[in-house]
Each structure stands twice: as C-alpha cells, then as structure tokens.
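What follows is each chain in one-letter form.
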Amino acid sequence: MEETNPDPNPGESTQAVFTLNYPRIQIPFEITLWVLLASFAKIGFHIYHKITIWVPESCLLISIGLIVGGIMHSVHEKPPAVLTSNVFFLYMLPSIVLDSGYFMPTRPFFENFGTVLWFAIVGTLWNSIGIGISLFAICQIEAFGVQDINLEENLLFASIISAVEPVAVLTVFEDISVHEHLYIVVFGECLFNDAVTVVLYNLFNHVAAIEVVEAGDVFLDIGWFFVVGLGGTFFGILFGFVAAFTTRFTGKVREIEPLIIFLYSYLAYLIAELFTISSIMAIVTCALTMKYYVEENVSQPSCTTIRHVIKMVGSVSETLIFFFLGVVTITTEHEWNWGYILFTLLFALIWRGLGILVLTQIINPFRTIPLNFKDQFGLAYGGLRGAVSFALAFTLPDSIGRKKLFITGTIAVIIFTVFIQGITIRPLLKLMNVRKTNRNLETINVEIHKRLMEHTVAGIEDLCGQWSHYYWKDKFMKFNNRIIRKILVRDNRPESSIVALYKKLELQNAMEILDQMSGDISAAPSLISLHEDRKNSPKPRKKFLSSDVANMHELLSKNMYKIRQRTLSYTNKHALPNDITAREILMRRHTSLRRSFRAGSLHGTNAAKMSQKYFSLPMRQSLHSGFPSRRLGHTGDGDTESEIDYPSNRPTIRHPHRPSSTAGMPLRPLDTLKNAASSVNTVNEQNNVQRGNRRSHLSSRRTFRFRNYSDEDSEGEDQKSRSSPHAWVQEPQNSSEVQHPLIGRPHWLPQKPQ
Amino acid sequence: MGSFQSLPDDHQYRTLSQKTGFSLDQIAILHNRFKQLSQNEETLRRDDLKTIQDLESNPIRSEIIEAFFDRRNFQKDGVGSVEEIGFEEFLTIMSYFRAPPHHITEEQREEMRRAKLRFLFNMHDTDNDGTITLEEYRHVVEELLSRSGALGRETAKGIADAAMLEVASISVGHMAPDEFYEGITFEHFLKILKGIEIETRMHIRFLNMDTTVLCK
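Keeping their order, the protein sequence lines are chains Y and P. The first sequence begins at 0 in numbering that gives the first Met the number 0 and counts up one residue at a time. The second sequence begins at 0 in numbering that gives the first Met the number 0 and counts up one residue at a time.
Since the hints were derived computationally from the structure, they do not count as laboratory data. Note that the Cβ used here is the ideal one computed from N, Cα and C, for glycine as well. Hints are not guaranteed to be accurate.
In silico DMTMM-like pairs for lysine to aspartate or glutamate, Cα to Cα no more than 25 Å straight-line [stated by the list, open to error]:
no., chain 1, residue 1, chain 2, residue 2
1, Y, K373, P, E134
2, Y, K373, P, E196
3, Y, K449, P, E55
4, Y, K477, P, E110
5, Y, K373, P, E109
6, Y, K449, P, E186
7, Y, K477, P, E55
8, Y, K449, P, E106
9, Y, K485, P, E196
10, Y, K477, P, D9
11, Y, K449, P, E40
12, Y, K449, P, E65
13, Y, K449, P, E82
14, Y, K449, P, E105
15, Y, K449, P, E135
16, P, K193, Y, D174
Which residues of chain Y face chain P? A few of them, derived with a C-beta cut under 10 Å, are [said to hold, decoys possible]:
no., residue
17, E151
18, N444
19, I459
Make the full structure from the sequences, and use the hints.
Written out as structure tokens, the structure is:
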C-alpha cells in the first residue's frame, strides 16, 4: 500500500507489506517458546515408557535443560532473565503449592496430621539449624576460605537447602505401591516444609540484612514464626469458606465456577503475602477447606476443569523451574568451593537422616501404626531437593556476598539428590521391601468391617471415657453436617447424593437396554424379540463391575462417615486422578437424561405389564416355587416393588411392615448393581447369557415403574393375578428358612473381589 | 484416684492385671468409670450403658452394648447372655481393645488377632450358632448405614448380599450347582479379613489419666 501523504518520516519511503515487530511480542513469545519446549520434553519422555520408571522426570528435565543450556552457551546467548523473585513468588510458587494442596488426599492426611506437621515443622527447623550451624563451623576453618560467611547467611543457605521436593519420590512410591501412610507423610511433609522453608528464608533474609542481632530479636522472630504460620492457616480457612459460600450461588453461571476457585485461592495467597504471613499455608488450607464443599456445589464439567487447570498450571511451573535449572547450570558463572559445597552435601544428608531418626522415635508412641526402620529409610532417602530450593537460591538478594556460591551449592545439592538418590531410590525400596499397601483389600467385606471397627472403637471409647481422634472426628462431622454444610452447600441433602448415585446407575442400565433394543422405549418387547436378544450376547458388562464395588465403597464411606472422597487416596503427581471422574461424568450425564425422561412422562405401564409376563423362572431356579403371592398393594412400600423384580436376586426374606424407605422416593438402588454384577457373572458363563438380558429388561421395567408407581398401584391386583402363574415372582412368608438365593445359587460363579 | 465405696483389694487388681494385661493405674481408672456408669453399684446393667449420651449417635450401639453382656466374650466358655456384669467382665471386654505391645511374637500377635476378630464375630452372630447368616449380616449393614435414613433397607440388603457373595467366593471358591452357602463361619471370617491390621485398627489407647470427670 503506497503512502499518499507527505512522508512524515524521511527515512522510510514505503510502508512495507510485511514488518517484523519482534520487540513487541518478545516477552510473551519467549515465555511461550520456553513452555512449549518444556512440554515437548515431557512428551518426549513418555514415548519410551521405561525411561520414566527408572529415571524420575525431574532428572530428565534437568538433563534437557543442560543440553539446551549447552547449546545456548555455545552460541553465547544468555537465558532470558525470567526467573526473578517476583515471578517465582507470585506466579510459580502458588501454582505448585496449589497443585499439591488440592490433590492432597484428605482422609489419610487428617489421620496422619500430627506426624505430618511434626516432620514438616520440627524436621525443617532441625535440618536448617543443624546444617546452618555445622556449615558455620566449617566456615571457621581457614583452609576453605569462606570465612566471610556469617552465621545468618549460613542459616539462610541451610534453610534453602532443607526444602524437600516430593515429586520424584511420590512417583516412585506410587509405582511400587508403598503403604498409604508413608506416602502421605512424605507428601504432607514436603508440602508444609515448603511453607516453613519460605518462612525461614524470609526470616533469615531479614536477619542477614541487619547488622547486629540481639537476643530479643530472636524471641520476636520465634513468636513471629508462629504468628505467620497460624495466620496463614486462618486466612486460608477463611477464604476457603468464602469460596464455598460463593459457589453456592453459581448455579446459573456455571462457566465461571472454576474461575471462582482460582481467584479465591490466589487471593488468599496474595493477601497473605500482603501481610507477610505464610502464603503457602494460606493457599494450602484454602484449597483443603474449599475442595470438600465446592465439589458438591459445582457442576461436573467445572469440577473437571478445576482439577485439570490446577494440575496443568502446577505441572508447567515445576517443569519450567527444573528446565531453567538445567539451563542456568551451564550458562551462569559459578563459584565453586570444594570444601564448602561438599560439606553442604554431606551435612544435608546426615542431618536429614538424623532428623528423621530422632523425630520418629519421639513421635512413634503417638502413632497408631508406628513407622519402622524401612519407612524411616524411605523418608530420609526420599528427601530430594528440587524446584523450590533452586528458585529460592536464585532469587537471593544481591546483598548476600556469596550469592554465586550459594547458587552453585544449591544446584550441586539438587543435581546430586535428584540424579543419584532419585534414580536409586526405586531399586532400593524394592530391595528393602518397604511396607506396601495391600491393594487387594478393596473388598466390600473389608470396607464394612473397617467401618464396623471404627464405630466399635468409637463406641467403646465413649463407653469408657477414653478419647482419641475418633472422638474428634465424630464431633467435627456432626458439627459439619449440622451447621457448616447448611450454609455452604447448595443442595444440602447428604443422603441424596448417594441416592442419586444409584439412580444414575439404574439409568445407566436403562440406557444400555435402550441401546440394545434399538431405542424404542415404549414398545413392549415381544416374546420373539426377547428370545432373539437372548441369543445375542449382551454387551460386555465387565466394565461395570469394579465401578460397582467402588460405588459400594463410596456408599459405605459416605454414609458411615459422610466424608466425601472425590480423589483417590493415591494420586500420581503428574497425572490427574482418573477413575472416579470418568464414572461421575457418566453418572451426571445420566442424571440429566433422567431429568429429561421425567419431563417426558413415559407411559411405562404397558411395558411393565408386558414384560412381567416374561418373568419366567430362570433355569435351575428351583427354590422359589410355592411362594405366597406378593402384595403389591402394601401401602407406600417402595420396597415391595423391588422385591418382585429379582426374586432370584432379592433376599427372599421380607420384613413384613417395613416403612417406605425414603420420603416419597421409592428407591431400589442396588438392584442395578446386582443387576450388573449378576450380569457380569452371567456374561462369563455362556449358557447364562439370556439371564443378563433379562435382567436388563427388568431394570428398564423397574425404572419406568417407579415413576409410574401411582399408576401401578391400581394395577396391583391385576398384576398379582397375572403373576401368580409365574411362581417365582412371589415371596416367601417364612423369613428365616430360605436363604438368599444369590448365596444359594453359587453356580453363578461369584466374582473375585476386585 | 477417687474415693470408692469399697476399696478394691490390691491383690484383686493384680490378678485382674495379669489376666487382662492392663496396668494397675488403668484398672483403677476403668474401675472408676465402672462405678460412675453403674452408679456405684457392684454390677452393670444394660440400662446403665444406654444412658451414655455419646453412645446415642453410634449406629451400632445396640451391638456394642450387647457385646458387654455376651457370655462368649468373657473368655470363660459360656454362651448366651447375662443381665448384668461385674467389673471383672467389664475389664475383660475392655481388654479386647488393648493395643498390642511393641514387642510380641508372631504367635502372640496372631492370638490377639483371633481374639479381636472373635469379638467382632460375636457381635455379628447374635444367635450363637457359630455362623453369620445372611440375615445377621444384613442387620449389621443396615445399622451401619442407618445414619443416612434415605437409603433404606434396599441398599443395605444389596450390600450385604454382595458381601456374602464375596465371602462365598473367597472361602469356598467355585461351588457346585446344588450347594448352598450356609453362613460365614469363624474360619471364613478370618480369611476374608486377613489383610486388615486388626491389632492396630481395633485398639484404644488407654490413658493413664483419669478422664472420668470429663465424661457425661
């Protein structure tokens, strides 16, 4: 495009068609490139699966960083000065910490609460002060030439060194299925250790700047330490509650729900920074408090988004820092001092080991499951340093004389621990046969009995007046249910979530049937088509089984302690918790479908009537002849309804005057489960294929049924008469004699516990 | 130590201590609590236990109370239940919940496990026939889930059914078409709960401090 006006700028004659305006986009562009590079690195690692097992990701990232650094160094390019103190503390650290805090498994955490805090706070203090003082002692030795470092600076350095980084260790733990409580102790310790380290860092930074330290200052500092920690916690809880409260009203504006979460957490962090109290504690407690209530209020997509974004941002920050570490190692000038650095390494290892040993001895008597030596070794050896240490060192103020030495020392310690300890920890732990979690314990019986034991113990404790943490847990849950949930949770019907869960499963089944029956809901299946359907094997239901069992777990846990566990107890640091979310998505989809069903007011009566004809006795079912006729007319008894559905499934023992189980909502939740369960069984057996199909028909009949319960009541008599020729529909009156047919017909190859 | 109406014999305490493994201090404290519950009488009745307020909200309250009066738990080879118990029986029941000492042999640990599991088994098996039938199991599950009223018996039944199925599959494996699973025997019970660390889960840290003033 030619310029027609007189040229204001004599140098330029034409307006070029293309201009390169690099400086304008430079900063975002470079950041994007770096992040992209780091992401490519991450993708690259997982191409060859075995690598990530043997070499922790942090190692790989540092290596890539080293390579890139080498390249940059050889072309005499300096790395972008992105990692400033502000960038780190205001953007990267909150993401990392929020990631850890949000995915902290709450129940094990609270069970091990004391231990975690003990190791985090006292352990870090022990490490910092120990390393600091020993280094100071080393400094006095003339030979090393580091006499100019005074005590405060040593302490500062020591506090940087004691920040532990759990990522690599947790991946290894997860991989070899280490026992839950060890996992949570390491996880929790690292998280709170970050908080303590940052506090100490600020403290010593501040102290190092002052020329003269007085005794009074020291006491003030100790007091300040506590104020900082507790203040942070308080702010976090406050913001957590406010966030939960806000989400109560976001029913109509689902899109901004994730935003609310992030904003509040970040706000908690920033406000805590404003008052210079522990921002890490604030954001962690905010996340912990918030998670429980928020996940009940927000929609499923929001929930997924929240988790995904938190994971993503946290992982990106961490990746960037490690990457940067690699680059910086090559490109900056180092100040190497053999004595100082080697002794730092030595002391870091020694003090950590000693610390764990001593602290465990003190805390073991208070623990239900004491930590044995192998656990302690795992804890001590798993103390890798990482991102936080590096960032803290890198952002030391320039007033520290020996800044370069500190940076070099930190990098040396990090590289040593990450590479050597990170790579060897896996074989070592396997060799030592560290106490593992027994993953086979996911049977219903075990779950029931665990709860039974907890209740029993709680009861006996009440009885004999000796309290322990069950008492507090009970009290808190009562308070929670009575007061807090009413305020914060939008739809405060705790039971209904479980009810809804099972209804969704029912619906799920119904959907399956619909798919099989070519989508025609209201048409009554003819005998022929039923027969044909029998011939085809139903869709493999295997995928439901573990979810059923897990659903039962959810049910049990939610009921017995009303703790809502949305996250798995183990969470891979680099991945999202996957199992439950997938199921929940399925379920929520079905709920919405169900709502649309209800609006459509199906006339399922016909279908119900018709399909009841096909309730013939399954083969080999001999137990149920001669049952007295069932009483559908039993007033308001939703339970009766279900009794007829699966007489072979249903316990034939019937309690005569059972009141309606829910307030107006006939509920037959587990029929679906057993439906699916039995269907799985039957799928396994070739000749029982038809049973599976029949069950699905039954459930569809049932789902229509309960919506049209009132209609059917009047038809009760008809159905009764109709059903009498089909002996199995009825139930026995004598309760005690006939055992549960499910038990009595074990040829169904009861499934192995998952 | 509080003032008792009749000071128990030191010798009596010692025998109890040997029998149940509690320390003398703990026995004294528990005796205090016993007195408090039984309103200073010699024996404890069910009604006394029912008055404990904190126990109200426990879903398996009746099982727990019943366990105290169940002769099978007295380690004297009796069956059936009694109406009232003395302090010795009270203490015996409490001893089921003692924490395992740190250094015990494998056999002793196994013994403790069996004893604790036997206690739980007795809680289930209300009719004393040595097996947990479906009905009994169901009853327990219903009670456990009774806190959330909306669920109702259906769910409980379903869960109990599935649980029995599991036990059947673990203990008996593949059953013939005509076989019938009677109920969970104690051996099967042990088998299915093999994995849990009962010794550590089912124990109370008995304090050496008198907390009776804090109880209601």
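Taking the hints in turn, this is what the structure says about them:
no.: 1; hint: K373/Y / E134/P; verdict: violated (44 Å)
no.: 2; hint: K373/Y / E196/P; verdict: holds (18 Å)
no.: 3; hint: K449/Y / E55/P; verdict: holds (20 Å)
no.: 4; hint: K477/Y / E110/P; verdict: violated (36 Å)
no.: 5; hint: K373/Y / E109/P; verdict: holds (22 Å)
no.: 6; hint: K449/Y / E186/P; verdict: holds (18 Å)
no.: 7; hint: K477/Y / E55/P; verdict: holds (13 Å)
no.: 8; hint: K449/Y / E106/P; verdict: holds (23 Å)
no.: 9; hint: K485/Y / E196/P; verdict: violated (37 Å)
no.: 10; hint: K477/Y / D9/P; verdict: violated (42 Å)
no.: 11; hint: K449/Y / E40/P; verdict: violated (35 Å)
no.: 12; hint: K449/Y / E65/P; verdict: holds (20 Å)
no.: 13; hint: K449/Y / E82/P; verdict: violated (29 Å)
no.: 14; hint: K449/Y / E105/P; verdict: holds (22 Å)
no.: 15; hint: K449/Y / E135/P; verdict: holds (17 Å)
no.: 16; hint: K193/P / D174/Y; verdict: holds (24 Å)
no.: 17; hint: E151; verdict: violated (43 Å)
no.: 18; hint: N444; verdict: holds (5 Å)
no.: 19; hint: I459; verdict: holds (6 Å)
In this structure, the hints that do not hold are numbers 1, 4, 9, 10, 11, 13 and 17, in rising order.
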